[in-house]
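Participant: Chains B and H, in that order, give the protein sequences. Position 103 of the first sequence, counted from 1, bears residue number 103 in the numbering used here, the numbering being contiguous throughout. Position 44 of the second sequence, counted from 1, bears residue number 44 in the numbering used here, the numbering being contiguous throughout.
Please keep in mind that the hints were generated in silico from the structure rather than gathered at the bench. Hints should not be assumed to be uniformly reliable.
[To be verified] Under the rule of at most 30 Å between Cα atoms (straight-line distance), these lysine-lysine pairs were calculated in the DSSO-like manner:
(1) H:317 - B:238
(2) B:202 - H:317
(3) H:317 - B:288
[What the hints assert, rightly or not] Now the in silico label distances, taken between C-beta atoms and shown as ranges:
(4) B:340 - H:41: 49 to 59 Å
(5) B:343 - H:138: 51 to 61 Å
(6) B:284 - H:266: 35 to 45 Å
(7) B:281 - H:174: 25 to 35 Å
(8) B:91 - H:140: 35 to 45 Å
(9) H:263 - B:86: 53 to 63 Å
(10) H:161 - B:237: 38 to 48 Å
Keep in mind it's a predicted model, so treat the numbers as computed, not measured. By construction, the Cβ of each residue, glycine as well, lies at the ideal position given by its N, Cα and C atoms.
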Amino acid sequence: MSTTNPRRRLLAIGGALAAAALTLTACTNSSDDGDNDNAANAGAGDNAETGETVRIGFSAPAADHGWMGAITDAAVDQAGAFDDVELVHAEGTNDVNLQISQVETFINDKVDAIVLLPFDGAAMTDVATRAMEAGIPVINVDREFDSPFAARTTVLGDNYGMGVSAGSYVCEQADGNTDAIVAEIAGIDSLPLTQDRSRGFKDALADCGLKVSNRVAAEFTVETGERAAANLLQAAPKIDFLWNHDDDQGVGVLAAIENAGRDEFVMIGGAGSANVMRSIEADDTVLKATVIYPSTQGADGIKLARLIAQGRSMSDLAEVEVPRVVQLAAPTVTKENVDQYVDSAFES
Amino acid sequence: MSTSSVTGSAQPTTAGPEKRARSLGVARNLGLVVALALLCVVGLVTAGDRFASTDNVITVLSLASAIGVVAIGMTFVITGGGIDLSVGAIVALASVWASTTGTQAMAEDVGWIVIVTTAIGVGIACGVINGVLIAYGKIVPFIATLAMLASARGLAEIIADRKTQIIRDQGFRDALGARPFGIPVIVFLFAIVVVAGWFLLNRTTFGRRTFAVGGNTEAARLAGIKVQRHTVYLYALLGATCGLAAVMLMSRTQTGSSTHGLMWELDAIAAVVIGGTLLSGGRGTVVGTLLGVLIFTTLTNVFTLNNLSTSVQAVAKGVIIVVAVLLQQRLANRST
Chain B
1 MSTTNPRRRL LAIGGALAAA ALTLTACTNS SDDGDNDNAA NAGAGDNAET GETVRIGFSA
61 PAADHGWMGA ITDAAVDQAG AFDDVELVHA EGTNDVNLQI SQVETFINDK VDAIVLLPFD
121 GAAMTDVATR AMEAGIPVIN VDREFDSPFA ARTTVLGDNY GMGVSAGSYV CEQADGNTDA
181 IVAEIAGIDS LPLTQDRSRG FKDALADCGL KVSNRVAAEF TVETGERAAA NLLQAAPKID
241 FLWNHDDDQG VGVLAAIENA GRDEFVMIGG AGSANVMRSI EADDTVLKAT VIYPSTQGAD
301 GIKLARLIAQ GRSMSDLAEV EVPRVVQLAA PTVTKENVDQ YVDSAFES
Chain H
1 MSTSSVTGSA QPTTAGPEKR ARSLGVARNL GLVVALALLC VVGLVTAGDR FASTDNVITV
61 LSLASAIGVV AIGMTFVITG GGIDLSVGAI VALASVWAST TGTQAMAEDV GWIVIVTTAI
121 GVGIACGVIN GVLIAYGKIV PFIATLAMLA SARGLAEIIA DRKTQIIRDQ GFRDALGARP
181 FGIPVIVFLF AIVVVAGWFL LNRTTFGRRT FAVGGNTEAA RLAGIKVQRH TVYLYALLGA
241 TCGLAAVMLM SRTQTGSSTH GLMWELDAIA AVVIGGTLLS GGRGTVVGTL LGVLIFTTLT
301 NVFTLNNLST SVQAVAKGVI IVVAVLLQQR LANRST
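Build the full structure now, drawing on both the sequences and the hints.
Facilitator: The following block contains the structure:
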């Protein structure tokens, strides 16, 4: 444990620096136009200048979940904010075969760049590599490909960082109490993203001598969240802290908490939906914080795809090329700083 | 009379078929009762007071209620020789439609009645469409309900715009969230559906016709049963239970969502099959289905109380399905 933690911290710091650079650009922009209705903005400095018109192909999984819906909406809005971007938007699909054919169509159409949030990163690696070989830069969003040759740039959230943020918040609130009972409601257990979140949570808790006493997995839906939480609340008659990985399933988790009449603990959410943030702001439930998994990754993918296709760099970086990897931060949202995040949050 | 003789033809045809059928039912349910009792023993040994607490028992029954109501409806359809893969999607559509309608201005005063009747109405409508496509359109149940699965889920997504719709109607929350004698209303609703389902299947002409249609369609037709109309009734009945389940789910989660009821078709079919209802039709038991649902719900509860992973739970669920069906076959063979 002692050998892995510093390395992870280094990685986290590296990721945070990259994210800070990107966030800096985003912050500057949003204050410029003052429009906070969506995350779309036209960029600032040299990057805002209209360049040659580029065609960008965009493909993502079906928007069957609040967060995924927000990803697509933000990407489409972002493309609309630029005069020099023509977006070719493929229908969202959870069928890998269909998504492969969508990318093949983009290749045949000779688009200038492809922004791809794969349903399954491994399954889409081959076709993404073919696009790269055809000279079309691929911007990989959220779920990574298996090969570094398959993408020009990768935009990632920070699942491990979400766990770290949630765990650090618990440690801070526990304030040295090593007997605190910590419970966790994960998403789909078989997904690497869930495993990363849980690992980060466990590692951060270990730093203050805590561990997860009760853990249960749901399936990212309201109904499964309610079901898992109802059982978990029976398993743990007393809880001090509860981390729920996902705010969409969190609606069900909160309903189960209300049904059980429990309020002795502090709950932390995950992903950062607008209704959860409003609830944190109102401070009327056990939900006191949430950790963000940005739903603007697709939008950032579009911005980077535009720059890459136009052969430009990121104006806020000294580097002359767009970076290979951009990892977004996973900040903790509380009543104190919710104003900062609620406008860019997604509606679940 | 003619219908019961048809029922008999689906059972082993030696002397005293009715008596044998009854003993068969007992043997089947006995296996399930033993399985449920074993699970309870495991729960008691490993989680003790937490498992046996009133709160926990009520939680298990509440969790079993909505899927249980769907499984009872599914028992009728499978007994009648059909299958329905669209139940989860119908639950989603009913919940979304009802939560949308129930929150309109015109429904303010009677919101909860609108929500309940809309949900059940949508469920029945979907069931009738399924039934008509199968009975009169001659589309095999698997395909017709697969089409309904896709379109109902899609329609739910369109209506809800893929958002979770929170029900703020206090009347609905008060009416469906009430707990007379400390027991949630939805548990009473489940109990009523179980008793009504048992009565309908075992003590009425409708039930006898269901056995007849599922056992031998041609014989049922020759016996004067309007097979097509009865098939529509069966799917409409299942649709109604889906609508009711949507109401129950809405009362628990206080939301309508297009993601409600995902994979419920498999859970409901699994509960019906381990309950002893033949997938080929002609034989079905409501009590078996009830036990099947309770076994699955208790299993999840015991696993969570012991902090075991969902993957292990999935394996255990699979093993239980296979063991229960094997056990039932052995008991059934022994009693013939």
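Participant: With reference to the structure, classify each hint as holding or not holding.
Facilitator: Results for each hint:
1. H:317 - B:238: 29 Å, holds
2. B:202 - H:317: 28 Å, holds
3. H:317 - B:288: 36 Å, violated
4. B:340 - H:41: 49 to 59 Å: With a Cβ separation near 53 Å, residue 340 of chain B and residue 41 of chain H satisfy 49 to 59 Å, so the hint holds.
5. B:343 - H:138: 51 to 61 Å: 55 Å, holds
6. B:284 - H:266: 35 to 45 Å: 38 Å, holds
7. B:281 - H:174: 25 to 35 Å: Check passed, 27 Å falls within 25 to 35 Å.
8. B:91 - H:140: 35 to 45 Å: Since the Cβ atoms of residue 91 of chain B and residue 140 of chain H sit about 29 Å apart, the hinted range of 35 to 45 Å is violated.
9. H:263 - B:86: 53 to 63 Å: 40 Å, violated
10. H:161 - B:237: 38 to 48 Å: 39 Å, holds
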